[in-house]
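Novice: So the chains spell out like this:
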Amino acid sequence: MAHNESSYQPKSRFAKWWDERLPVARMMHGQFVEFPTPRNLNYMWTFGGILMFCLAAQIVTGVVLAMHFTPSAAEAFNSVQHIKRDVNYGWMIQAFHAVGASMFFVAVYLHIFRGLYYGSYKAPREVLWILGVLIFLAMMATAFLGYALPWGQMSFWGVTVITNLFSSLNEIIPGMGTGIVEWLWGGYAVTGVTLNRFFSLHYLLPFVIAGLVILHIWALHVAGQNNPTGLDVKAKSDTVPMYPFAIAKDAVGMFVFLLLFAWFVFFMPDYLGHADNFTPANPLVTPPHIVPEWYFLPFYAILRAIPSKLGGVVAMVSAVLILLFVPWLDTSRVRSAKYRPWYKLAFWAFVFTCVALGWLGSKPAEQPYVFWSQFFTLAYFAFFLIALPVLGLIETPRTLPRSISESVLGSGSGMPVGAAASPEKR
Amino acid sequence: MASETEDPNRRDFLVVAGNAFAALGGAALLWPFIAQMNPDAGAQALASTEIDLAPIKEGQAITVLWRGKPVFIRNRTKEERDKAIADDSAVLKDPFARNLSLPDSAPATDADRVKAGHEQWLVLVGICTHLGCIPKGQSMSDARGDFGGWFCPCHGSHYDTAGRVRKGPAPRNLDVPPYAFLSDTKIKIG
Chain A
1 MAHNESSYQP KSRFAKWWDE RLPVARMMHG QFVEFPTPRN LNYMWTFGGI LMFCLAAQIV
61 TGVVLAMHFT PSAAEAFNSV QHIKRDVNYG WMIQAFHAVG ASMFFVAVYL HIFRGLYYGS
121 YKAPREVLWI LGVLIFLAMM ATAFLGYALP WGQMSFWGVT VITNLFSSLN EIIPGMGTGI
181 VEWLWGGYAV TGVTLNRFFS LHYLLPFVIA GLVILHIWAL HVAGQNNPTG LDVKAKSDTV
241 PMYPFAIAKD AVGMFVFLLL FAWFVFFMPD YLGHADNFTP ANPLVTPPHI VPEWYFLPFY
301 AILRAIPSKL GGVVAMVSAV LILLFVPWLD TSRVRSAKYR PWYKLAFWAF VFTCVALGWL
361 GSKPAEQPYV FWSQFFTLAY FAFFLIALPV LGLIETPRTL PRSISESVLG SGSGMPVGAA
421 ASPEKR
Chain B
1 MASETEDPNR RDFLVVAGNA FAALGGAALL WPFIAQMNPD AGAQALASTE IDLAPIKEGQ
61 AITVLWRGKP VFIRNRTKEE RDKAIADDSA VLKDPFARNL SLPDSAPATD ADRVKAGHEQ
121 WLVLVGICTH LGCIPKGQSM SDARGDFGGW FCPCHGSHYD TAGRVRKGPA PRNLDVPPYA
181 FLSDTKIKIG
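Residue numbers (the working numbering), protein chains in the order written: chain A, 1 to 426; chain B, 1 to 190.
It is worth saying that the hints were derived from the structure and are not from the lab. Quick caveat, the model's predicted, so the values are computed rather than measured. Heads up, a few of these hints could be off.
Taking CB as the label site, the calculated pair distances span [said to hold, decoys possible]:
no., chain 1, residue 1, chain 2, residue 2, range
1, B, V16, A, F14, 23 to 33 Å
2, A, N78, B, P153, 33 to 43 Å
3, A, V193, B, A45, 29 to 39 Å
4, A, L260, B, T63, 48 to 58 Å
5, B, L30, A, W218, 28 to 38 Å
6, B, S141, A, N78, 32 to 42 Å
7, A, L204, B, T63, 38 to 48 Å
8, B, P153, A, L259, 51 to 61 Å
9, A, P241, B, N9, 14 to 24 Å
Some chain A residues near chain B, calculated using beta-carbon distances under 8 Å [stated by the list, open to error]:
no., residue
10, V60
11, N88
12, I93
Short, incomplete list of chain B residues facing chain A, as computed with Cβ under 8 Å [as the list claims (entries may be wrong)]:
no., residue
13, P32
14, F33
15, A35
16, Q36
17, N38
18, D40
19, A41
20, G42
Yeah, the Cβ is synthetic: ideal placement off N, Cα and C, and Gly gets one too.
Based on the provided sequences and hints, a complete structural model is requested.
Specialist: The structure is reproduced here in structure tokens:
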């Protein structure tokens, strides 16, 4: 939070009247206009704003879809077709929502990788990071619940398989897993009852996410943004006001993101889905090859890599929850991978691991995919449990610049190259 | 290098043009989110209904559903018709025919409330023009109000045997939907 005197000046008598009673405009001005942002932020820092857009877009399109959707086993599949064919612009809004889920995950994965690369989870941003992981978990739950709603074959069998993960708890306390699964289902199998409660929770969770996002942004604005050097802001010259500088850059990133988004929505709306989900749910026939949506594939690969029911579930859940401990697993005092040659290598190996697991997750559960799934599952956990703690101790970081300004402007106190040139080249 | 900048300069133009473009795009995107609440293709497909009139005997009435609304079809008796025609000259609360097949200015005569050649058939949207209740009077045993047509139990509007409001809070005569006789015993509403 800005501790300095606010530069907010109410422009009208009405604004002044409000400001003395509920200074919302003053707070927004302080947090989103004059808020100091490091002057060296690159485009990887535009995903926060993009993710806010994604959440808002999913809520708006979701509210619209809920107006036309029927959450019953008999009608759900048909009502999605009804939305796509009969409802005015339903073809577009439904595509926005379905593609939007994928785009949301594209953005959140880039956002998480950005955090891992530049050490954005390190003190004093641990709580900020943990809130982010909680948002990620809530997003996964929301996406899973939402994927059930079209009530196609993949929806139905995805729900069956994922809810059955809880039955692995029978290996700890006999009967407990079954009890939990039947409680989730509201029956002895996945039925319309399950669909109905999933619809209710799918509508609820985005608002939980919105609440977490507010806390996430609050925590961000207390600690301030990290930046590509990982250095703390030391002087006012290290920063520029959020408006227009960071906002303008965010807008550019957002437009590029929206181009990709719109390309999927208008030209290949069903590309990211699975053909089996165009077959209505049938509790008597399982499709030959069950796969989750692409954004869950790496975790799915980890689940299948472990040849034990409970072990697989534990590994998969750990793969997500381990992110919570990253601030304390990393022992390095240097934040940014830019100055950590070994960590940089480990980071890109980790990215490759995640992509490889994603690809393996889309393959059938047979050799040689199982072997490689096991290999990359090990690599996945090795990044967190070996690379993060050990590299911080043995690695010699490269020389850090003395300040953010120096990293931008060079060691002299001169102006950045090009700053003197006229902005108006005629 | 030229250092002198005119006002407005090229950057001002780009900012205004860019913002205007984004605002237009945003406004255009708003429309689908409003339009989605309009009646969908499924509702529009139900926009016309065909009704067989043969089973309706003189003095009887049936109620059918058209676009989700009740439509009253009444085979009027001679007395009912004569009474309605006699009341053409009475002081009417709403002097217009409210017949969607006729101009708005058509007077509320009995002739303008029915189809020529099929004067015994009265076809009305069965929704009280006050606040949307369904008036009583379709069944022989119903209270039909002071004018022998329909009586709305919600707030006491009385309609006569041509469906014209004669008493009570309703402001307008019952609407006559667009319909046509396909044959002497068959009509198509909508």
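Novice: Answer holds if the nearest beta-carbon of chain B is closer than 8 Å to that of N88 of chain A; otherwise answer violated.
Specialist: holds (4 Å)
Novice: Taking the least C-beta to C-beta distance, is A41 of chain B closer than 8 Å to chain A?
Specialist: Since chain A brings a Cβ to about 4 Å from A41 of chain B, closer than 8 Å, the hint holds.
Novice: P153 of chain B and L259 of chain A, beta-carbon distance inside 51 to 61 Å?
Specialist: holds (60 Å)
Novice: Any CB of chain A closer than 8 Å to the CB of A35 of chain B?
Specialist: holds (4 Å)
Novice: Is 29 to 39 Å right for how far apart the beta carbons of V193 of chain A and A45 of chain B are?
Specialist: holds (32 Å)
Novice: Was the hint right that F33 of chain B lines chain A, CB cutoff 8 Å?
Specialist: Holds, because the Cβ-Cβ distance from F33 of chain B to chain A comes to roughly 6 Å (cut-off 8 Å).
Novice: Taking 23 to 33 Å as the hint, is the beta-carbon distance of V16 of chain B and F14 of chain A inside that range?
Specialist: Check passed, 26 Å falls within 23 to 33 Å.
Novice: Could you tell me whether the CB distance from L260 of chain A to T63 of chain B stays inside 48 to 58 Å?
Specialist: Given a distance of about 54 Å, which is inside 48 to 58 Å, the answer is holds.
Novice: Next item in the hint list is P32 of chain B. Is there a CB on chain A closer than 8 Å to its CB?
Specialist: It holds, given that the least Cβ distance between P32 of chain B and chain A is near 4 Å, below 8 Å.
Novice: Determine whether the Cβ-Cβ distance between S141 of chain B and N78 of chain A falls within the hinted range of 32 to 42 Å.
Specialist: holds (41 Å)
Novice: Classify the hint on V60 of chain A as holds or violated, based on whether any CB of chain B lies nearer than 8 Å to its CB.
Specialist: With Cβ-Cβ at 7 Å, under 8 Å, it holds.
Novice: Holds or violated: is the Cβ of N38 of chain B closer than 8 Å to a Cβ in chain A?
Specialist: holds (5 Å)
Checked against the numbered hints given earlier, this structure breaks none of them.
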